[in-house]
Amino acid sequence: DVKVTQSSRYLVKRTGEKVFLECVQDMDHENMFWYRQDPGLGLRLIYFSYDVKMKEKGDIPEGYSVSREKKERFSLILESASTNQTSMYLCASSLWTSSMDTQYFGPGTRLTVL
Amino acid sequence: AQSVTQLGSHVSVSEGALVLLRCNYSSSVPPYLFWYVQYPNQGLQLLLKYTSAATLVKGINGFEAEFKKSETSFHLTKPSAHMSDAAEYFCAVSDQGGKLIFGQGTELSVKP
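Protein chains in written order, with this note's numbering: chain A, 1 to 114; chain B, 1001 to 1112.
Hints listed in this document are in silico derivations from the structure and should not be mistaken for laboratory results.
Remember, predicted model here, so these are calculated numbers, not experimental data.
C-beta: ideal position from N, C-alpha, C; glycine also.
No false leads were mixed into what you were given.
Pairs of lysine-lysine, DSS-like flavour, derived with a Cα cap of 25 Å:
id, chain 1, residue 1, chain 2, residue 2
1, B, K1058, A, K3
2, A, K71, A, K57
3, A, K3, B, K1049
4, A, K3, A, K53
5, A, K70, A, K3
6, A, K70, A, K53
Derived DEER-like restraints, expressed as beta-carbon distance ranges:
id, chain 1, residue 1, chain 2, residue 2, range
7, B, K1111, A, S65, 42 to 48 Å
8, B, L1056, A, E22, 36 to 42 Å
9, A, T97, B, T1055, 21 to 27 Å
10, A, E22, B, N1061, 29 to 35 Å
11, A, D28, B, P1079, 34 to 40 Å
12, B, E1064, A, T97, 26 to 32 Å
13, A, E22, B, G1016, 39 to 45 Å
14, B, K1069, A, S8, 40 to 46 Å
15, A, T97, B, K1069, 21 to 27 Å
16, A, K70, B, K1111, 43 to 49 Å
Construct the complete structure from the given sequences, taking the supplied hints into account.
Below, the structure is given as structure tokens:
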């Protein structure tokens, strides 16, 4: 079974702090994704990566950056956290870039910025 | 550009009743379509996906969905709801390069 793990289930940070969210997958998947989930808005793609050291902006990249130094690990960075970044963050991975590929999700990190 | 609309942010059914969750898509190319389920405090889990092999797709936990090109729909059904089906359900359409475009989600409640 594919396993996608996220470093924290719940996180509370203060405005202006730098925040790191870590995601690790154990199935040698090429692609990794970061989404944020908000009520009534579904999931929105923040960033994705097709390969190590490669990254592409998604639909809402402002205020975020990412890092992929190793194939299995994809980090989301909030350079200076703001209250409007309070949300559920979900990481996902998929084997290839085929449009029919299944994405496998981690359990999510619920981030609260005070 | 691809898009997905889920009709109804909340659906409530009685245990044993039919479950119908609606999804309509917009796509400029033949679409690949997905239904995911999210149980409370968990990530998303794939229920089923349409990849053009068959228009009626069967998934896990007794769910199925039918792709109707003429109606641009991919509605999710289950003949008899169970209490354990209470969750949030997301329809998604694939975009270039394996990205997914998600609908807004539908929360399913099951009454005893």
